Each structure stands twice: as C-alpha cells, then as structure tokens.
Amino acid sequence: MTETILALAPIYGLPFLALITGLSCLGLPAPASVLMMLMGSFAAAGEFALAPVLATALISSIGADQLGFFIGRFGGQAVTARISSRPGRKAALNRATKEIERHGRLGVFLTRWLFSPLGPYVNLITGATGFPWARFTIFGVVGEVVWVSIHVGLGIAFSDNVLAIAEVVGDASGFLAAGAVAVFLGWRLFKILHRTKNESA
Amino acid sequence: MKTIVMLWRRHRLLLTAFVFATALTLFFAARFTLFVLYWSDPAHRNQPLQGWMTIGYIAHSYDVPREALADALGLVPPEKGKRPTLDSLARDRGMTAAEFQAEIKAAIERLRKDGADK
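Taken in order, these protein sequences are the chains called A and B. End of the first sequence = 201 in the numbering used here, gap-free, step of one. End of the second sequence = 118 in the numbering used here, gap-free, step of one.
Just so you know, the hints here were simulated from the structure itself, not pulled from any lab data. A portion of the hints provided could be inaccurate.
Stated by the list, open to error - Only part of the chain B face toward chain A is listed, based on derived beta-carbon distances under 10 Å:
id, residue
1, 1
2, 18
3, 25
4, 35
5, 44
6, 62
7, 96
8, 101
9, 103
10, 105
The structure displayed is predicted, hence computed values, not measured ones. Just so it is clear, CB atoms sit at the ideal spot from N, CA and C, and this is done for glycine as well.
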C-alpha cells in the first residue's frame, strides 16, 4: 500500500500531494504525513522545489478543514436538532457546546498537528455545534502551518532515509492521539468513581 | 474489583472505550520503541534501493553527484517535469528491477571509489 503511494508521488507530484492531504484531512485513511515527509525528501534531493510543496500541502489541508467544518455545520445541524428534541439530551448537548466553545481554540490548534488523527472529527463537531467560523479558521490555519512544516521539515532533515523517519513519526502520532483519548476517558471514569464514593460516604 | 464490576454495569460504553484506547496507546508505544531501536542500529541505516526512488533521490541518499550517477548508468536527462522511478527506468531498459538495482549499486561503488581516489 505505502509502496504504491510512494511510487505515485514522483510521477504525479503536486496534484497527488494535494489529493492525499485533502482526503486525510477529511478523515479518510490517506497517508498524508508519509507523503509530506517524502515530498520534503524529494525537495531536498532537488526533484521538487520546496515552496510549491509547502504551499500545496497547506492550501489542500486548509481547504479540506473548511469542507469538514461546513459539512458539520449543514449536515450536523439535523443531528443536533434531533438530539435537542428530548429535554435531558438537550441539556447535555448544551453543556457539550459550551465546553467546545471554551476549549475549542486550543482543541482546533492541537488537533491539526499534535493529535492530528482527531482533526477531521473536531472539524465536524465544531461545525455542528456552531463554533465561530473565524475562530476555527484562524486556529486551524496556524495549526496546519505547524503540521505541514513539521512533516516536510522532517522529510528534509532525514532525507537520506525517509522511510525510517516516516515509520517512527507515524507511530508517535498514533500514540499521542490514542493517548489523548485514553487520558480523557480515564479522567471521566475517575470523576464518576469520585462521585460514587462521595455519594456512598 | 467491585469498582470494575460497578463501572461495567453502569458505564459499559465508557469503560470499553477507555480499555480500547489504552490498548491502542500501548500498541503504538511498543511499535514506536521497536522502530527506534531498529533504525538506531547503524547496520540498518543505509536505505535499501526501492522501486519508488528516483535517480535524484538515490544520488542524494547515497551522497554521490546526481549527474555522475545518471552518466554512469547511461541515462539521458528526463523531459522537464518527468521524474522516472527506478521501476519505470528498469522497464524501459527491459531489465528486472533487481538487475537494475545491482547495476545502480555497482555504479555507486565505482563513483565512491573514484571520489576517494581524487
């Protein structure tokens, strides 16, 4: 799978980079980070110019983020309307919406690069819960600049053996995303246990 | 134990999701460690030739001049905007990928030796 992708990169170049980056930012299983590192290495080897590589990855990821956000906004509102039809759920949704509004900036920024596998879901959720578009865009763009720079930069720095660094980075990114979810769920469990203990005491 | 039973009864979804996320985290941590150990071994550091590589990338990775490598292999410069891969070059020459890789390796050895002699 990865081999095939790698072989298509030198042939189809920038349009291919745009396609894979965009699909990955929409949450489809496309190996954008490997490809960005590879393109960084190709740039270091003189096969591509660096500036178009950076610009292509950046524009494509920002565009796909916007698409996800508006899919959430228009598609998700039907879902949130249905949830709100029951009073108990409506309260829960309101609480969640407030939380997202409070922590959304950092959330959007960090899920662009540090916890990037979670990014596409954050796009949908922020869109569906009415998170302000301008705020989403500003923190999203800054986050994507970090994401693209890190990957292309690693590709340049380790251009002698790009596959080695790609494997290591892929696992580090999976570890961080899964770890963030585990910590969040663990914290929820901890709070439940704490509450039950206080109730029984 | 009692706590786990209580959580399983009342918060099954949350508990399952937590266990799953933790397992996934450990899986990635283990893979990460294995890769770091593998690639930190100097014997594994030379990147083997692969079908997706272009001549420019190989020259860069093995630190030999690009034009010299292309000359040594008797390659004409590709059309503008074309970046033939190792596999497609081998096909054009009617060779198998393995034969072409052996030729490239020999050419790199020669270039390195010439470079050292000078």
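- Which earlier hints turn out false for this structure, listed by number in ascending order? 1, 7, 8, 9 and 10
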